[in-house]
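Sequence lines, in order, name chains B and P. Counting along the first sequence from 1, when you hit position 20 you're at 20 in our numbering, and nothing is skipped either side. Converting from the second sequence to our numbering requires adding 114 to each position, the first position being numbered 1.
Worth flagging that the hints you see were computed from the coordinates, not collected in a lab. Treat the hints with care, as some may be off.
[As the list claims (entries may be wrong)] Which residues of chain B face chain P? A partial, calculated answer using Cβ under 7 Å: (1) 39; (2) 43; (3) 44; (4) 47; (5) 75; (6) 99; (7) 101; (8) 102; (9) 106.
Note that CB positions come from ideal geometry on N, CA and C, so glycine has one too.
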Amino acid sequence: AQRVTQPEKLLSVFKGAPVELKCNYSYSGSPELFWYVQYSRQRLQLLLRHISRESIKGFTADLNKGETSFHLKKPFAQEEDSAMYYCALKERGDSGGSNYKLTFGKGTLLTVNP
Amino acid sequence: GAVVSQHPSRVICKSGTSVKIECRSLDFQATTMFWYRQFPKQSLMLMATSNEGSKATYEQGVEKDKFLINHASLTLSTLTVTSAHPEDSSFYICSASSKNIQYFGAGTRLSVL
Numbered sequence: 001a002q003r004v005t006q007p008e009k010l011l012s013v014f015k016g017a018p019v020e021l022k023c024n025y026s027y028s029g030s031p032e033l034f035w036y037v038q039y040s041r042q043r044l045q046l047l048l049r050h051i052s053r054e055s056i057k058g059f060t061a062d063l064n065k066g067e068t069s070f071h072l073k074k075p076f077a078q079e080e081d082s083a084m085y086y087c088a089l090k091e092r093g094d095s096g097g098s099n100y101k102l103t104f105g106k107g108t109l110l111t112v113n114p
Numbered sequence: 115g116a117v118v119s120q121h122p123s124r125v126i127c128k129s130g131t132s133v134k135i136e137c138r139s140l141d142f143q144a145t146t147m148f149w150y151r152q153f154p155k156q157s158l159m160l161m162a163t164s165n166e167g168s169k170a171t172y173e174q175g176v177e178k179d180k181f182l183i184n185h186a187s188l189t190l191s192t193l194t195v196t197s198a199h200p201e202d203s204s205f206y207i208c209s210a211s212s213k214n215i216q217y218f219g220a221g222t223r224l225s226v227l
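Next up, chain B with everything else stripped away, as it sits in the complex (with noise of 0.2 Å):
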């Protein structure tokens, strides 16, 4: 069963615009939660966990256990927000002890039009 779903493959904004990314997820324990952000020709980078409350370039991302969400947020995008975002879940390893690993999301392709 997936646990973390992005919704959307493909989200298309014009600059200045509002964007949210959507996530649910789906996890028995206390979810920990993370976006990373893929921009074109790079590697995935953290752009911010949900336990650390911060906002990192404009983005805000607030963990709703009633919803099961963790949506990114964003009031004002930017061109160059363009890029592939995704949505992680740190769960459990299957071997147990103390092993952890993230589960992604399908990502979703924001493109911020001039």
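Given the structure of chain B, go ahead and fit chain P onto it with the hints provided.
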């Protein structure tokens, strides 16, 4: 920030040969490294978790004998694709864990002819 180096960035090989991919944490020690596979326009799929000094933990459906993982030091993990076939062609990505955050390598594009 933490830097992860992955080498080579691209490799082309003949069917039946073996290919080794290296993943190094350059400025930190990583007791745990991860190997992912990414198909075109799809998400990253975890293949295995590599722990320094112990056997790797493979995800369901990943052949241990096909994808050999060695994590002999705190800064190096290797993935060897043995007897590669065209269906093994893919983008392989490693990551290393530091303070509960995963830092990713730039990936290796493997093409098996």
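So, going through the hints one by one against the coordinates:
1. 39: Cβ of residue 39 (chain B) sits 12 Å from chain P, so the hint is violated.
2. 43: Nearest chain P Cβ about 4 Å off; hint holds.
3. 44: holds (4 Å)
4. 47: Violated: closest Cβ of chain P sits about 11 Å from residue 47 (chain B), beyond 7 Å.
5. 75: Violated, about 26 Å.
6. 99: holds (6 Å)
7. 101: holds (6 Å)
8. 102: holds (6 Å)
9. 106: OK, holds: residue 106 (chain B) within 7 Å of chain P, min 4 Å.
The structure is inconsistent with the numbered hints 1, 4 and 5, although it conforms to all the rest.
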